[in-house]
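Asks: These are the residues of each chain, in order.
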Amino acid sequence: MALNKEQIAHRIARELQDGFYVNLGIGIPTLVANYIPQGVKVVLQSENGLLGMGPFPFEGEENPDLINAGKQTITTVPGSVFFDSAMSFGMIRAGKVDLTVLGAMEVADNGDIANWKIPGKMVKGMGGAMDLVAAAKNIIVAMQHTNPKGESKLLPKCSLPLTGVKCVRKIVSDLGVFDITPDGFRCIEYAPGVTIDEIKAKTAGRLTIADDVKEMVFNA
Amino acid sequence: MALNKEQIAHRIARELQDGFYVNLGIGIPTLVANYIPQGVKVVLQSENGLLGMGPFPFEGEENPDLINAGKQTITTVPGSVFFDSAMSFGMIRAGKVDLTVLGAMEVADNGDIANWKIPGKMVKGMGGAMDLVAAAKNIIVAMQHTNPKGESKLLPKCSLPLTGVKCVRKIVSDLGVFDITPDGFRCIEYAPGVTIDEIKAKTAGRLTIADDVKEMVFNA
Amino acid sequence: MNKVVANAEEAIKDIQSGATLMLGGFGLCGIPENCINALVKKGVDSLTCISNNAGVDDFGIGLLLQQKQVKKMVASYVGENAEFERQLLSGELEVELIPQGTLATRCMAAGYGMPAVYLLAGVGTEVAEGKETRNFNGKDYLLEYAFDSDFAIVKAWKGDTQGNLVFKETARNFNPMMAMAGKITIAEVEELVPAGELDPNQVHTPGIYVHRIFQGTNYEKRIEQRTTRKRS
Amino acid sequence: MNKVVANAEEAIKDIQSGATLMLGGFGLCGIPENCINALVKKGVDSLTCISNNAGVDDFGIGLLLQQKQVKKMVASYVGENAEFERQLLSGELEVELIPQGTLATRCMAAGYGMPAVYLLAGVGTEVAEGKETRNFNGKDYLLEYAFDSDFAIVKAWKGDTQGNLVFKETARNFNPMMAMAGKITIAEVEELVPAGELDPNQVHTPGIYVHRIFQGTNYEKRIEQRTTRKRS
Numbered sequence: 001m002a003l004n005k006e007q008i009a010h011r012i013a014r015e016l017q018d019g020f021y022v023n024l025g026i027g028i029p030t031l032v033a034n035y036i037p038q039g040v041k042v043v044l045q046s047e048n049g050l051l052g053m054g055p056f057p058f059e060g061e062e063n064p065d066l067i068n069a070g071k072q073t074i075t076t077v078p079g080s081v082f083f084d085s086a087m088s089f090g091m092i093r094a095g096k097v098d099l100t101v102l103g104a105m106e107v108a109d110n111g112d113i114a115n116w117k118i119p120g121k122m123v124k125g126m127g128g129a130m131d132l133v134a135a136a137k138n139i140i141v142a143m144q145h146t147n148p149k150g151e152s153k154l155l156p157k158c159s160l161p162l163t164g165v166k167c168v169r170k171i172v173s174d175l176g177v178f179d180i181t182p183d184g185f186r187c188i189e190y191a192p193g194v195t196i197d198e199i200k201a202k203t204a205g206r207l208t209i210a211d212d213v214k215e216m217v218f219n220a
Numbered sequence: 001m002a003l004n005k006e007q008i009a010h011r012i013a014r015e016l017q018d019g020f021y022v023n024l025g026i027g028i029p030t031l032v033a034n035y036i037p038q039g040v041k042v043v044l045q046s047e048n049g050l051l052g053m054g055p056f057p058f059e060g061e062e063n064p065d066l067i068n069a070g071k072q073t074i075t076t077v078p079g080s081v082f083f084d085s086a087m088s089f090g091m092i093r094a095g096k097v098d099l100t101v102l103g104a105m106e107v108a109d110n111g112d113i114a115n116w117k118i119p120g121k122m123v124k125g126m127g128g129a130m131d132l133v134a135a136a137k138n139i140i141v142a143m144q145h146t147n148p149k150g151e152s153k154l155l156p157k158c159s160l161p162l163t164g165v166k167c168v169r170k171i172v173s174d175l176g177v178f179d180i181t182p183d184g185f186r187c188i189e190y191a192p193g194v195t196i197d198e199i200k201a202k203t204a205g206r207l208t209i210a211d212d213v214k215e216m217v218f219n220a
Numbered sequence: 001m002n003k004v005v006a007n008a009e010e011a012i013k014d015i016q017s018g019a020t021l022m023l024g025g026f027g028l029c030g031i032p033e034n035c036i037n038a039l040v041k042k043g044v045d046s047l048t049c050i051s052n053n054a055g056v057d058d059f060g061i062g063l064l065l066q067q068k069q070v071k072k073m074v075a076s077y078v079g080e081n082a083e084f085e086r087q088l089l090s091g092e093l094e095v096e097l098i099p100q101g102t103l104a105t106r107c108m109a110a111g112y113g114m115p116a117v118y119l120l121a122g123v124g125t126e127v128a129e130g131k132e133t134r135n136f137n138g139k140d141y142l143l144e145y146a147f148d149s150d151f152a153i154v155k156a157w158k159g160d161t162q163g164n165l166v167f168k169e170t171a172r173n174f175n176p177m178m179a180m181a182g183k184i185t186i187a188e189v190e191e192l193v194p195a196g197e198l199d200p201n202q203v204h205t206p207g208i209y210v211h212r213i214f215q216g217t218n219y220e221k222r223i224e225q226r227t228t229r230k231r232s
Numbered sequence: 001m002n003k004v005v006a007n008a009e010e011a012i013k014d015i016q017s018g019a020t021l022m023l024g025g026f027g028l029c030g031i032p033e034n035c036i037n038a039l040v041k042k043g044v045d046s047l048t049c050i051s052n053n054a055g056v057d058d059f060g061i062g063l064l065l066q067q068k069q070v071k072k073m074v075a076s077y078v079g080e081n082a083e084f085e086r087q088l089l090s091g092e093l094e095v096e097l098i099p100q101g102t103l104a105t106r107c108m109a110a111g112y113g114m115p116a117v118y119l120l121a122g123v124g125t126e127v128a129e130g131k132e133t134r135n136f137n138g139k140d141y142l143l144e145y146a147f148d149s150d151f152a153i154v155k156a157w158k159g160d161t162q163g164n165l166v167f168k169e170t171a172r173n174f175n176p177m178m179a180m181a182g183k184i185t186i187a188e189v190e191e192l193v194p195a196g197e198l199d200p201n202q203v204h205t206p207g208i209y210v211h212r213i214f215q216g217t218n219y220e221k222r223i224e225q226r227t228t229r230k231r232s
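Protein chains in written order, with my numbering: chain G, 1 to 220; chain F, 1 to 220; chain S, 1 to 232; chain C, 1 to 232.
Calculated from the structure, these hints are not laboratory results.
None of the values given here were measured: they were computed from a predicted structure.
Be a bit skeptical, because a hint or two may be false.
[To be verified] DSSO-like cross-link-like pairs, simulated, lysine-lysine; straight-line CA separation at most 30 Å: (1) F/K200 x F/K214; (2) S/K221 x G/K214; (3) C/K71 x F/K5; (4) G/K121 x G/K96; (5) F/K41 x C/K230.
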């Protein structure tokens, strides 16, 4: 059975290592914070100018001066620090953020990503996405494997305008986990009950299956 | 009679306007702070990272963490602010400092300045001088008109390696006040008792005398 | 050296139609509410606004849009505003979208006297079109120019009579870089104190960058996405 | 995430001969005294040191010079050190002199992920020799490259266990930019506090830039030019 959003987030959380500085995008990536493995301490960066983001505030304790990059009210954790947006993107650009998790509309088998613009629709802007994908040293994409019409979003080439080129390292979709390799997508895990044949059928880009491919296990 | 160092500083201080941000170099320029006209409030910048420099501390109150660009112990005034050296030179480069006063070994009649290096002597470095002269919008040089051998330091062309090109706006020497114009040095004031002939004799660069040239007056 | 003005009206009195303005804030957080209201009241138009976002329909820069005072918007994300969308689609409004970090850094470049910098964002995308690309150490970068802005209007938490500013939490965002980048910088603050009251170690924007300052009133500080958790 | 190390010896234990080091401080103010002493004790040599100054004969980087541990000095002003002068004139020591603001900004560029920036200082002088010049808006600028440094060693006033740093007065100087610019950044602090004790609005260097931190001991904080006035 394909993963739900929480399970995608849960699986991505296993990529976190102790001491990582992590930037989580809007949507599924935000949920990753709920599944940080025990014993692993990470610091969450919000690119509007915060290291050390905490959970949402308790009702009645919302602070209008304290929001994340999704404009949501948040809290901080001990050791947090505020800075301006130039420094925030400076640390991203300098490779100080260890992991960036974000959503995508399309990913190509060379790591290109499209997630900001659909021709014919109102363009709202790229926000910080282009800066993040251009500079982060380790990018994991959280996404649905196919669009609502059932068409693959893992493509030989993106059809939508690009956000960044050759930058995605790994995808966790509802069907499995895929590394981006010189040979295209490599499936290293599949969702419980999902078959390799289904993955092959739903992946338009070049795809290889790892020799030691295995089924994902969720204990939690 | 030629001006002494205190008088040179005194004359330069008349160039200060209320609200100016001013960077004073080492030597005579430092003395300018002692002659700020009444009713004029200026903020002194020290390029190692301070706006709002005050006088030297009282004996026994020296603070090793509080020094100026000459590495001298100093104090601050109310409203002072500390920042890092990148921001300090950033504000200089962006033209936020209204006036820079510094010394020179030579000035050319096109505004070139040389004050950091003498071939054959140990080169100690330019420190912040090149940044200041390249970026300040208003540079006044405080200097002796001639060297110890009696040779002019106001030249058609600098003989020493340059610190900056076409940047000096005004010189206050022991003999007078000189604007840098397209026609070279223009004498606008002469020191009490100094003759125009003496100034002409001791100025090697192109020199004109302002129609309304006048003798400097010191009331203080 | 008197930088203190009475209020927003006085602070913006020489802003004319056609001016280019930087406006601090991220979303509705840390925006110069008083000055925006005064600009609406003054009715200047044909403004070019450089700001990360464009407010919502009835708050922030959205108020200027409603009065059709904005000719061009330079921003990174403008998705929260129906009137904006209408004007954009009808061709009344010009929009230039810039990656957020590039926007921030082009402000910073202006404040640091750097005419242009090389940045990564947008390489290989349509953002790179028409831009100079240069390879350093095996990576491509785009040449991005410092912004040139007549006015920068920022909002700080505390300020003193010399123009020194301190920002609060994530309301800092674009405000410090824009404060450095305006030819004329106007700061509105929640609390204006005499020079000497702020800790000189802890000022975010030195007063040398700020030309006018006033204590604002009636801050609404609207929350755009109120997200909370339940007490367990 | 444990950034705290016991002392300077542990902090610098993987610094090898031949390494490039940035060392914070201006003159003798805000220099990493403990780490410099530990480097002397460890005896690594052939170091390239990027620092605004080179200390005095018996303090600061001068101690490394005395032991002939420095191969190359990158600085803006080196005038306070007789041993330095001797080694320079004898050809034992290589020196690259860089305008102070350019030095600071090349550190900052590294910390902001900008490979190169255009700066004014030195245009038309021998500093410009061999450098690319480019005209923007009628003014010439030099292309200056970000520094590449194996280690940055900085001194802060306070720090916390996450590596967040606060500097004191003009001891800030080059320390924040260098902290951002090192591949590995080591911070020594006068007072190390638990995470959460520093005001998050008032941290100068976010801990993300700092890899190792320790509380230093026995700070001498030597004064280079003791200037005073008499009580009137």
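Asks: Work down the list of hints and note, for each, if the structure agrees.
Replies: Hints, verified against the model:
Note on F/K200 and F/K214: the hinted pairing holds, with a Cα-Cα distance of about 15 Å set against a maximum of 30 Å. With a CA separation close to 50 Å, the supplied pair S/K221 and G/K214 exceeds the 30 Å bound. At roughly 41 Å between alpha-carbon atoms, C/K71 and F/K5 are farther apart than 30 Å, so this suggested pair is violated. Annotation: proposed proximity of G/K121 to G/K96 is violated, straight-line Cα distance about 35 Å (limit 30 Å).
Our distance criterion of 30 Å between C-alpha atoms is met by F/K41 and C/K230, whose separation comes to about 24 Å.
In the structure shown, a violation is registered for the earlier hints numbered 2, 3 and 4, in ascending order.
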